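Undergrad: So the protein lines, in turn, are chains D and U. First residue of the first sequence? That's 1 in this note's numbering, and the numbers climb one at a time after it. First residue of the second sequence? That's 1 in this note's numbering, and the numbers climb one at a time after it.
Just so you know, these hints were derived from the structure itself, not from any lab. Misleading hints may appear alongside valid ones.
Here are the computed distance ranges between Cβ atoms for each label pair [stated by the list, open to error]:
id, chain 1, residue 1, chain 2, residue 2, range
1, U, T170, D, A52, 38 to 48 Å
2, U, R123, D, D100, 52 to 62 Å
3, U, P26, D, Q81, 45 to 55 Å
4, D, L173, U, N42, 43 to 53 Å
5, D, N21, U, A83, 28 to 38 Å
This structure is a prediction, so every number in the text was calculated from the model and none was measured. Virtual Cβ for every residue (Gly too), placed ideally from N, Cα, C.
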Amino acid sequence: MKKYWHVINVGIQNTLVYRVNFIFRSVFALVPLFATLSLWRAIYAGQADDFAGYSLAQMISYYLIVTVVDSLTAVTEDDWQIAADIKDGNISQFLLKPIDYLTYRLCLYGAGRLIFTACAIIPITTFIYFQRHYFILPADAATLGWFALSLAMTGLLQFFMSYTVALLAFWVLEVSTFIFILYAFEYIASGHLFPLDILPAPLANALHWTPFPYQVFFPVNIYLGRTTGGDLYRGLLVQACWVVALYLFARFAWSRGIRKYSAVGG
Amino acid sequence: MRLPPHVESRRTRESRPDNSELAPRPPTFIRYLSLYSELVKNSVVREMGFKTNFVLWIVVDLLWFLLHLTFFAVLYSHVDRIADWTKWQVILLLSTSHFIQQIFTGLFFNNCVAISEHIRTGRLDFMMLLPVNTRFLVSLRHVDLGAFVNAATAVALMIYAGRQLHLSPTPGQMAPSSSSAAPGCSCIIR
Chain D
1 MKKYWHVINV
11 GIQNTLVYRV
21 NFIFRSVFAL
31 VPLFATLSLW
41 RAIYAGQADD
51 FAGYSLAQMI
61 SYYLIVTVVD
71 SLTAVTEDDW
81 QIAADIKDGN
91 ISQFLLKPID
101 YLTYRLCLYG
111 AGRLIFTACA
121 IIPITTFIYF
131 QRHYFILPAD
141 AATLGWFALS
151 LAMTGLLQFF
161 MSYTVALLAF
171 WVLEVSTFIF
181 ILYAFEYIAS
191 GHLFPLDILP
201 APLANALHWT
211 PFPYQVFFPV
221 NIYLGRTTGG
231 DLYRGLLVQA
241 CWVVALYLFA
251 RFAWSRGIRK
261 YSAVGG
Chain U
1 MRLPPHVESR
11 RTRESRPDNS
21 ELAPRPPTFI
31 RYLSLYSELV
41 KNSVVREMGF
51 KTNFVLWIVV
61 DLLWFLLHLT
71 FFAVLYSHVD
81 RIADWTKWQV
91 ILLLSTSHFI
101 QQIFTGLFFN
111 NCVAISEHIR
121 TGRLDFMMLL
131 PVNTRFLVSL
141 RHVDLGAFVN
151 AATAVALMIY
161 AGRQLHLSPT
171 PGQMAPSSSS
181 AAPGCSCIIR
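Start from the sequences and build out the full structure, keeping to the hints where you can.
TA: Given below as structure tokens:
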């Protein structure tokens, strides 16, 4: 296990190179967020009661927590790097070394998220401070604990999904379009753009059969106290099942891909 | 050291004060128009090298456009107006902004992104040596054809939304609005 601590260490040092980039990225991500919040304020100004069961404070908190979940778990560069490693033949060295590529990548992903969060914490906290009248704190410590557990699984889910799509590079030359198509689905079906329960009920229920809601919507709802009791335990179980399923699929895709691998330029 | 004969002859020819034997240069505008048509042809050839990729990029952009439309469709399934804006007014706004953005992408975007790369790799030096305005070449070299397909879908939606709003703009109204899109694009690169 010691070698993977070294990987995390290397990952931290590599990502620290981009710390200013990370700060800029997190600051400018707040601009569209501000626009979205303004849009929601305009919607609530035009009506007396709640919007699909959300009060204004809940809605604004929803987007703020999405931002927090995103900075903690979103896959940014990893999928591009994995695809480039395969395309340029860089993974040949991992086939020769006693190191597991998936674990290696997971360590780098974790290190990257750690540094990104450390850089983003100041702008995001400042932003939340200015929205503090609308910011809801979790009901109790248990809620926060379930949220943290779900968040960890969200991270794994995001990573395994991006990892598997990046492995398409074994079969096709250019994977960026596939990455963007997956990202589009993640963006809308995970609840990034709006909370999924404002959708018509049949559609929202159908989405819960896919892994996407467990990438953002589910942990945020735990935080807001909208998922409790039986729904909470059932949801966590389904989320865990998706993590295991995607992990197995990632392993399967790797073992198939490696047979196809031609080590071009490696 | 003696230079090879063909270099020698070109040197003497260029240093001669009157180069009457060379074909007269076409007027600047015509010359740049023909240059641009070559650049477009080049871009077509490049895109057709990876046809599936070309189609997939169009799908990606279309998907993102649909995604934003879906967001507003969902919002307007709950409310009639957002601060005086009706559903079709917002769709007209979204499709117009998508149209302008796609035209910008088609003509300039990839070139703007590539500038820093040209500087870093030293390719800019090579471009500055070419007997053509460097800014012209740097800004317009790569034409993204897929963006024009997406711009066309945006126009179709603009027209549809306009019909839903019972708008009937006169040519006099349409000309200024469409021509204002062009400087809008070029402002970004200046």
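Undergrad: Now look at each hint and say whether the structure bears it out.
TA: Each hint, compared with the structure:
| no. | hint | result |
| --- | --- | --- |
| 1 | U:T170 to D:A52: 38 to 48 Å | 41 Å, holds |
| 2 | U:R123 to D:D100: 52 to 62 Å | 39 Å, violated |
| 3 | U:P26 to D:Q81: 45 to 55 Å | 48 Å, holds |
| 4 | D:L173 to U:N42: 43 to 53 Å | 21 Å, violated |
| 5 | D:N21 to U:A83: 28 to 38 Å | 36 Å, holds |
Checked against the numbered hints above, the structure violates hints 2 and 4; every other hint is satisfied.
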